[in-house]
Amino acid sequence: VDPDSSLDAMLHTLGETVLGEPGEHPTRDRLVAYCLGELTPQESEAIAAHLAWCREDASFVLAFREVSGLDPTEEEPAAELDAAWSDFVKRRGPAFAGPSAPASPPDLRARGTRRRFRMPLALAASLLVAVVSTAGWVVSLVRPDRSPVALANGQIVDLGATDEERTAGSEGREIVLRADEASLTVILHPTRELTAGSYSAALLTSEGQEIWQDDVRPTELDAFHVTFPRESLPAGKYVLELRGRKDGRVEIVDRFPVRIALETSGPSRVPRP
Amino acid sequence: MLSAPSAKGFDQDLLALANQAGREGWTDATFEPIYRRYYPRFLNYLRRQVSRPEVAKELAQEVMMNVFKAPASFDSLPRFEAWMTTIAQNVLKNHWRTVNAQKRQGAEATAEELSRQGGEESAAGFPEREPVPDPLEEVLRLERQVRVARALEQLPPKMRNVAVLRYKQGCGYDEIGRILGVSVSTVKSQLHDAKKRLAELLGEHSE
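Those protein sequence lines, which keep their order, are chains A and B.
If you're matching positions, the first sequence starts at 1 in the numbering used here and goes up one per residue.
If you're matching positions, the second sequence starts at 274 in the numbering used here and goes up one per residue.
Hints were generated in silico from the structure; no laboratory data involved.
Fair warning: this is a prediction, and the values are worked out from it, not measured in the lab.
Quick reminder that beta carbons are idealized off the backbone N, C-alpha and C, glycines included.
Among these hints, one or two may not hold up.
Derived DSSO-like pairs: lysine-lysine, alpha-carbon spacing no greater than 30 Å straight-line [as the list claims (entries may be wrong)]:
id: 1; chain 1: B; residue 1: Lys366; chain 2: A; residue 2: Lys246
id: 2; chain 1: B; residue 1: Lys366; chain 2: A; residue 2: Lys90
id: 3; chain 1: B; residue 1: Lys376; chain 2: B; residue 2: Lys330
id: 4; chain 1: B; residue 1: Lys342; chain 2: A; residue 2: Lys246
id: 5; chain 1: A; residue 1: Lys90; chain 2: B; residue 2: Lys330
id: 6; chain 1: B; residue 1: Lys366; chain 2: A; residue 2: Lys237
FRET-style restraints, in silico, Cβ to Cβ [unchecked claim]:
id: 7; chain 1: B; residue 1: Arg420; chain 2: A; residue 2: Ala179; range: 45 to 51 Å
id: 8; chain 1: A; residue 1: Lys90; chain 2: B; residue 2: Phe283; range: 25 to 31 Å
id: 9; chain 1: B; residue 1: Ala302; chain 2: A; residue 2: Glu74; range: 25 to 31 Å
id: 10; chain 1: A; residue 1: Arg217; chain 2: B; residue 2: Phe283; range: 33 to 39 Å
Facing chain A, a subset of chain B residues (Cβ under 10 Å, in silico) [unchecked claim]:
id: 11; residue: Asn317
id: 12; residue: Lys330
id: 13; residue: Lys342
id: 14; residue: Gln362
id: 15; residue: Val435
id: 16; residue: Glu448
id: 17; residue: Leu475
Please construct the entire structure, taking both the sequences and the accompanying hints into account.
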């Protein structure tokens, strides 16, 4: 009989217990610094103690070490890597072949009857471009951006795929915005199946007042990405409401409570997609 | 301590490419070097997470596609890599959600099929409810858990971390070593010491 079998059996009951607290989650920046050996021994010990109990952050550390090359990676044979790249290029389709060449201006000279309008048309076009650009810039200041391209130094927060990940108590997930972060992108994973024809997202204050609303589209993974410029999000409690339209009716698909806090100083953060 | 990856010049080039994409979007020319460096790493990571190699390849392609579709700017390569790491974790989470949903649907379909084929014979062979645990056994089990948890609290931090990762998280020696940044032999040694100390604290074994 293995003399340790009874002890092992007892220790394995830990797998079922909820005892033990992972404590406050460190930022991704702190986890990265831990992996890179940039923390003091005391700081590293604190992170290690957290990782022992926190499966998600331990899993991030394991993955980051592989992705950043801290752990040796099995080399992919060149032929297989070439094949994978070809497959990738085929999958992403011609729509992403690269920035399209500037469109050729219409050949007005060939249209003799319109030649006399060439200068006024050019002026009008220039004016239109100027007006649209200015309007776009003004709108971007007051309206959250839905572009998939996150702004520089923007924080990206995945609100999680489960209720537990999405909320911390009834007040929802706390997001701390650093002073140098220009934007916040949140990734929403609705728990309900997506059956509506179209979707919109609305930002409500804790009093239920709607302060922003726009159409959104699901990604291939049935998630939604919504980007807000920092200035449109003062500190406070909000609810992001995902709504679906089907057969002329609008219904709430999911609600995501969040708390926005503004960090004035302290360690930098890595965006969490 | 651990050190950052070498080839700093190439790293800076990759970061410059990522930031160019953050402004202008990816092109084949800017994305290919990123793909060639990171696809094998994601593949390696995903091979450890899923058993079927073809699924790992599919998920690695999905990760790279998500990176391609959402260019963003970063002030350091580790930040860019941390961002991609989280994308990989999300892809993996979604994969498990899908797999679990398919399993649930499969189980429901099986139950429905058995019920429709009907008859008391087949219905009788399908467990209708979970067996109810013996209350006394349940109390003893909880008591054991509390005792173990209290004993763990008394261990020195390094021993405790190794023991919790092993028995609570179910990690292998290699994983524990990578999480804590120590060698496998150190993990084994600390785990041996932890068990010895726990045995004393739990009164299960005498020296």
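Each hint, compared with the structure:
no. : hint                               : in the structure
1   : B/Lys366 with A/Lys246             : 28 Å, holds
2   : B/Lys366 with A/Lys90              : 25 Å, holds
3   : B/Lys376 with B/Lys330             : 22 Å, holds
4   : B/Lys342 with A/Lys246             : 28 Å, holds
5   : A/Lys90 with B/Lys330              : 15 Å, holds
6   : B/Lys366 with A/Lys237             : 28 Å, holds
7   : B/Arg420 with A/Ala179: 45 to 51 Å : 48 Å, holds
8   : A/Lys90 with B/Phe283: 25 to 31 Å  : 27 Å, holds
9   : B/Ala302 with A/Glu74: 25 to 31 Å  : 27 Å, holds
10  : A/Arg217 with B/Phe283: 33 to 39 Å : 36 Å, holds
11  : Asn317                             : 5 Å, holds
12  : Lys330                             : 7 Å, holds
13  : Lys342                             : 6 Å, holds
14  : Gln362                             : 6 Å, holds
15  : Val435                             : 8 Å, holds
16  : Glu448                             : 6 Å, holds
17  : Leu475                             : 7 Å, holds
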